[in-house]
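Colleague: First to last, the sequence lines map onto chains A and B. Per the working numbering, the very first residue in the first sequence carries number 51; after that it's consecutive. Per the working numbering, the very first residue in the second sequence carries number 51; after that it's consecutive.
One should not assume that every hint holds.
If several chains are the same, the list does not tell them apart, and a pair holds so long as it fits within one copy or across any two.
[Unchecked claim] List of simulated lysine-lysine pairs, DSSO-like, C-alpha gap at most 30 Å: (1) Lys284 - Lys426; (2) Lys233 - Lys56; (3) Lys182 - Lys233; (4) Lys330 - Lys291; (5) Lys85 - Lys426; (6) Lys214 - Lys128; (7) Lys287 - Lys346; (8) Lys330 - Lys426; (9) Lys56 - Lys330; (10) Lys182 - Lys426.
None of these hints come from the bench; they were simulated from the model. Predicted model only: the values in this text are computed from it and were never measured.
Protein chains: 2
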Amino acid sequence: MPVLTKTRLLTPGPTDVPADVLLEMAQPIIHHRTKQFQAIFAELSERLQRVFLTSEPVLTIAGSGTTSFEAAQINLVKPGSKTLTIAGGKFGERWQDIYDTYAPTLGITENIKLNVPWGEAVTAAQVEEVLKANPDISVVTLVNSETSTATAADVQAIAAVVSKTDALLIVDGITSVGTLPVKMDEWGIDVLVTGSQKALMLPPGLGFVGLGKRAQARLDEVKPTGYYNLDLRKWLKSWQKNDVPFTPPVSLIRGQRVALEMIENEGLENVWARSAALAKASRAAFTAMGLELISKSPSDSVTGAFYPEGVSDSAIRNGTRDNHSVHIAGGQDGRGASWKGKIFRISNMGYVDAGDILATMHAIETELNAQGQSIKPGTAVAAAGAVFAQG
Amino acid sequence: MPVLTKTRLLTPGPTDVPADVLLEMAQPIIHHRTKQFQAIFAELSERLQRVFLTSEPVLTIAGSGTTSFEAAQINLVKPGSKTLTIAGGKFGERWQDIYDTYAPTLGITENIKLNVPWGEAVTAAQVEEVLKANPDISVVTLVNSETSTATAADVQAIAAVVSKTDALLIVDGITSVGTLPVKMDEWGIDVLVTGSQKALMLPPGLGFVGLGKRAQARLDEVKPTGYYNLDLRKWLKSWQKNDVPFTPPVSLIRGQRVALEMIENEGLENVWARSAALAKASRAAFTAMGLELISKSPSDSVTGAFYPEGVSDSAIRNGTRDNHSVHIAGGQDGRGASWKGKIFRISNMGYVDAGDILATMHAIETELNAQGQSIKPGTAVAAAGAVFAQG
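Excised from the complex, chain A in its bound form (with noise of 0.2 Å):
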């Protein structure tokens, strides 16, 4: 009999959605020609600037995360440069693919990709050595928050150096804005992306660009090469007058400007810090069940571990998912390592909380003894409790 039963999507993406979210998201359709909506919309950017710490523009775009990288990624390169695209697993090889799929049409004369172990950093070393031998980078991807591996780069270091380049720095923070400290202005990070899936507690549908001078500068000097999401010149024409080029996900903005408030009335500083505690009690339970991180540079919004030999991926996540209601992520392959079967990871972004965390690693605790481990019972909420309990 589970004394589990609340649905705990604990996945890295899409995270569960407050109620007052999804009621606000249940109102009545309104017309986006309206001071109506564009109040709201005034409202969500104001609130966007705050959360990514920027006083530039921050658009919000109809799509994923991945939508707006894409969107990033394809306006700013100067025609003729090459791209340098950093990747430690699966978010990082993607953007790697983006820019191997638009060589041709945006003129890229080399992608070069800088790889570090699945699980590693890049240091900030590494990028200003390539970034040194390649004067003609104009655009470096970089992902803060590597959801595949819960790994986390040092975002600051590395904003440090590609801003005394020509280069402009791109920086996936899918799973970082809103969860752990990115501060775009202060740091000097060009461009800012996220979802609205994962941190911001809304469906996914929605993603956001921040765009920095020098980027917006950049924007004028490229020429545009796609439509409707994938031209940011026309998102950023409109943001200036609160407006959207095309229909937005009306709903979907609505919720986000809840949402948005919901973390200012946390307090984004009290919001980074519950992730941090979740995220090391996470770490504090995995270590104490006697399992291995995945990560030697451990993020804070996303925590994982290997199984112990002879453990299933299937029978731990059908596990928890069917008889404890707990959604938790299993591994993936990539260029870099292979780790499907091999890990799971749990989310601490968003609309979660201490009691979500310690019913997550109650229901990984029975799980893995159910498949053969031998862990004392109340061992991992017992270790996750202690963290909590020193405030």
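Based on the hints, put chain B in the right spot on chain A.
Modeller: What follows is chain B alone, placed relative to chain A:
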């Protein structure tokens, strides 16, 4: 910085309402004299019968549990007879007060009060003795789970005693129906009453009255003394046509249908078992923290403990609410005891699961330590977690 940020109502009513129910209640109002409403109402009534475990009518009445209990009390007394009102807490005393108030109107010759100490349960033998000495008792009121003392009575045994007499047994199932095993037909309960805002996962506003065969017959013998909420004959007559005598709270009725569907999807016996496990884990955590339980015959729908010497009730309850978003209840004063400021109580009913209980135990432990107790950090969740790990 709070690691618990989701508001959790662990008060023994109102309790949290699932988003599915909130969203159903957000549907546009439909008129109650339509086939659409009748279909919803018919389904609600059938689902209520399955939760009450009866094939007899279960009436849906606008108002709280008290409204419904008052209606049951005043419609079933034979003029010129006695009533027996059993109390071991605040709510049992309330049903005593109601008959005292109505005694002249209803022609009650004596309202016999059978009192047991708070925290203890009346026995079937005690009830039998009073009934034998007073064959002219026409109604007995009994609280199944006394919310003020977290104490459960043996309804099955007492119903067996009462059903051998001409007296009708009205059972207050306000914190038992849908959370503790209560079998209306099998146990021979004449009237079973509950409210919407406890185990049934709805906002306050609806009460339910299950009417057994003997109670239906009694309704024909007794003249009505009330009207809208208070004349059960009107509700019964309409019920037989899938209808309501007056404009009902349409949105609440829609929501209740969905909430009961959730209960049936989980399985009523699983719901009972979940409540029992949550209560067992709560009591284990209280004991592990060195607290004394308030009940000698503990209910599984509400659990409670005495504060240690010198700990302030308001500091604990404000602390769990303000620092952890966990709402717990304090004690109540009555004729049998004065527990205000001396105890706290939590709910194990309705939309609550092991994650919420772990969160609550963390909150209580943290606030007790903030008030000078020296509980080893993590003790409460470890004790609760060990119970959950027993499966």
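Colleague: Against each hint, give a clear statement of whether it holds in the structure.
Modeller: Hints, verified against the model:
1. Lys284 - Lys426: neither (58 Å within a copy, 59 Å between copies)
2. Lys233 - Lys56: between (35 Å within a copy, 26 Å between copies)
3. Lys182 - Lys233: within (25 Å within a copy, 79 Å between copies)
4. Lys330 - Lys291: The answer is neither: 43 Å in one copy and 59 Å across copies each exceed 30 Å.
5. Lys85 - Lys426: Neither, since 60 Å and 57 Å both go past 30 Å.
6. Lys214 - Lys128: within (17 Å within a copy, 93 Å between copies)
7. Lys287 - Lys346: neither (42 Å within a copy, 71 Å between copies)
8. Lys330 - Lys426: Both: 21 Å inside a chain and 19 Å across chains, each within 30 Å.
9. Lys56 - Lys330: both (23 Å within a copy, 19 Å between copies)
10. Lys182 - Lys426: neither (54 Å within a copy, 55 Å between copies)
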